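Enquirer: Residues per chain, in single letters:
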Amino acid sequence: MELNSKSPLFENAKNGDRRSLAKLLTRIENGEEIDIPTTKAPWVLGVTGPPGAGKSTLIDRLASHWSENKQRVAILAVDPSSPISGGALLGDRARMVHSNPAQVYFRSISARGNHGGIPNGLEAMIQALSESGWDRVIIETVGVGQGEYAVISVADRILLVDGPDRGDVLQAEKAGILEIADLIACNKSDLPGSLKAMKSIEDGLSYSDNPPPVISVSSLTGDGIENLVFRIEALEPDLGKSTARAKISLESIMISRIRRSPLYDDVIQDISQNKITSKQGAERMEENYGGI
Amino acid sequence: MRVVIAKAGLDGHDRGAKIIARAMRDGGHEVIYTGLRRTPEQIVAIARDEDASAIGISTLSGAHARLIPSICQLLRAEGMDEVTVFVGGIIPDIDRGPLYDCGVRAIFGPGTSVNDPIRFLENVNERIQQNLPVGVGQGGTWRWS
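Protein chains in written order, with our numbering: chain E, 1001 to 1292; chain R, 65 to 209.
Hints are not guaranteed to be accurate.
[Stated by the list, open to error] Here are some chain R residues pointing at chain E (derived, C-beta under 7 Å):
| id | residue |
| --- | --- |
| 1 | ASP75 |
| 2 | ASP78 |
| 3 | ALA85 |
| 4 | ARG89 |
| 5 | ASP90 |
| 6 | GLY92 |
| 7 | HIS93 |
| 8 | ILE96 |
| 9 | TYR97 |
| 10 | GLN106 |
| 11 | ALA109 |
| 12 | ARG112 |
| 13 | LEU124 |
| 14 | ASP165 |
| 15 | GLY173 |
[To be verified] Label pairs and their calculated CB-CB ranges:
| id | chain 1 | residue 1 | chain 2 | residue 2 | range |
| --- | --- | --- | --- | --- | --- |
| 16 | R | ASP145 | E | ASP1203 | 28 to 36 Å |
| 17 | R | ASP145 | E | SER1085 | 53 to 61 Å |
| 18 | R | GLY203 | E | PRO1083 | 34 to 42 Å |
| 19 | R | ARG160 | E | SER1082 | 48 to 56 Å |
| 20 | R | GLY126 | E | GLU1251 | 48 to 56 Å |
| 21 | E | GLU1251 | R | ALA129 | 54 to 62 Å |
| 22 | E | LEU1250 | R | GLN137 | 20 to 28 Å |
| 23 | E | ASN1288 | R | ASN179 | 16 to 24 Å |
| 24 | R | ALA129 | E | SER1082 | 32 to 40 Å |
| 25 | E | ALA1094 | R | GLY203 | 42 to 50 Å |
| 26 | E | PHE1230 | R | ASN189 | 47 to 55 Å |
| 27 | E | GLU1032 | R | GLN193 | 15 to 23 Å |
Since the hints were derived computationally from the structure, they do not count as laboratory data.
Keep in mind it's a predicted model, so treat the numbers as computed, not measured.
Ideal placement from N, C-alpha and C gives every residue a C-beta, glycine not left out.
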């Protein structure tokens, strides 16, 4: 049965039944299509940054700020799956200590083999949340390379989190994240060395065109959180960034479609055994799938 | 399977919980770790929001006789009868009967191999396929041994 706006699961989710919402998201995650008309554009914030920068703790602060202001916040935390077993260890919610679980919806998502790519149904999950009354949707993912950034490219506002002694802004620049990030939070301002970190991030940005602003925050003490919220709320759509995001998300979805093609393994084998060239392999896939 | 690994109450020892979480990931499951010191209400809310099929509660504090029945009862009150509850940690023999009576399907004590909880989940999966009771509110006397 197709999931549409008349499905009891969606109706109940809309009326605040969290269990129905959770089951609805599971079905979307498992590949079911949804047919729910979009009545409003979802408000989506993507948060990324290197491991240990404090993404989850910062999101906890943001979520608690918004929920105290009567906004309904949903968080989708995407973590990689094990390439060997297909299983996943989803631990981001362990950091959620300030936000009230009765008001904030938190859902852990395994990338399920879409290594670094966009998990199946992520955009449909965002739409389902938005249409069932969640005003703010936050997507969290660890940012260690181009692929991971694809996850947050479905968001229309992107926050990069960094902190003292990381020096990952240059890595971020290499991976192209600066093209799509709207703001950089330099977290852990309570630690010694945070001013130096701010400066090194700003220095790292000095060669970029139109670099995102850097804001100092401490998720531990709450310092700077209000300022960060204000800056997020005030973000204006940026055509350059939204074009870059659209490119990344489209390309990521195309890549996962190619990988799911039944021809994929055979073509890879033929190329690896020098039976055909990569170009011929690409042509063979195109012929059979009309360009996938 | 989506499994929540939970630490309830005033209990800071989570090495065991983390090892089991990792082993279950390697067994192909999606494991959600709650973090420390969650209340029974929070654990049930997490399982509900994550649409988990099973909850594993790690307990080393001695408060199992109070916290675990409370979690089982809340799950039934929320209508989450089909969720499987299992327990790991230090549970004296004398306390095991009452936990099974409130719907716990497996108790893993010290000396358990990491493979046991994984085999348990496989068994749960097989029983679900056969429509046999595995959940906290589904009755029956089945338990892992």
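Enquirer: Tell me if the beta carbons of R/GLY126 and E/GLU1251 are separated by a distance inside 48 to 56 Å.
Expert: Holds, at about 54 Å.
Enquirer: Would you check whether R/TYR97 satisfies its interface hint, that is, whether its CB is within less than 7 Å of any CB in chain E?
Expert: holds, 4 Å
Enquirer: Is it true that E/GLU1251 and R/ALA129 lie within 54 to 62 Å of each other by Cβ?
Expert: holds, 55 Å
Enquirer: For the hint on R/ASP78, just tell me whether its beta-carbon gets within less than 7 Å of chain E.
Expert: violated, 9 Å
Enquirer: If you take the shortest Cβ to Cβ gap from R/ASP75 to chain E, is it below 7 Å?
Expert: At 14 Å from the nearest chain E Cβ, R/ASP75 fails the 7 Å test, so the hint is violated.
Enquirer: So, as I understand it, the hint says R/GLY173 touches chain E; can you test that by seeing if any CB pair is closer than 7 Å?
Expert: violated, 23 Å
Enquirer: Measuring from beta carbon to beta carbon, are R/ALA129 and E/SER1082 in 32 to 40 Å?
Expert: Because 36 Å falls inside the window, the suggested range holds.
Enquirer: That 48 to 56 Å hint for R/ARG160 and E/SER1082 (C-beta), does it hold up?
Expert: For R/ARG160 and E/SER1082 the Cβ distance comes to about 33 Å; the hint is violated.
Enquirer: Does the hinted range 16 to 24 Å hold for E/ASN1288 and R/ASN179 at CB?
Expert: violated, 43 Å
Enquirer: Hint check: is the beta carbon of R/ASP90 less than 7 Å from a beta carbon of chain E?
Expert: holds, 5 Å
Enquirer: With 7 Å as the cut and Cβ atoms as the points, is R/ALA109 at the interface with chain E?
Expert: Check passed: Cβ of R/ALA109 comes within 5 Å of chain E, closer than 7 Å.
Enquirer: I want to verify a distance hint. Is the separation of the beta carbons of E/PHE1230 and R/ASN189 within 47 to 55 Å?
Expert: holds, 49 Å
Figure legend: structure checked against the earlier numbered hints; hints not met, in rising order: 1, 2, 13, 14, 15, 16, 17, 19, 22, 23, 25.
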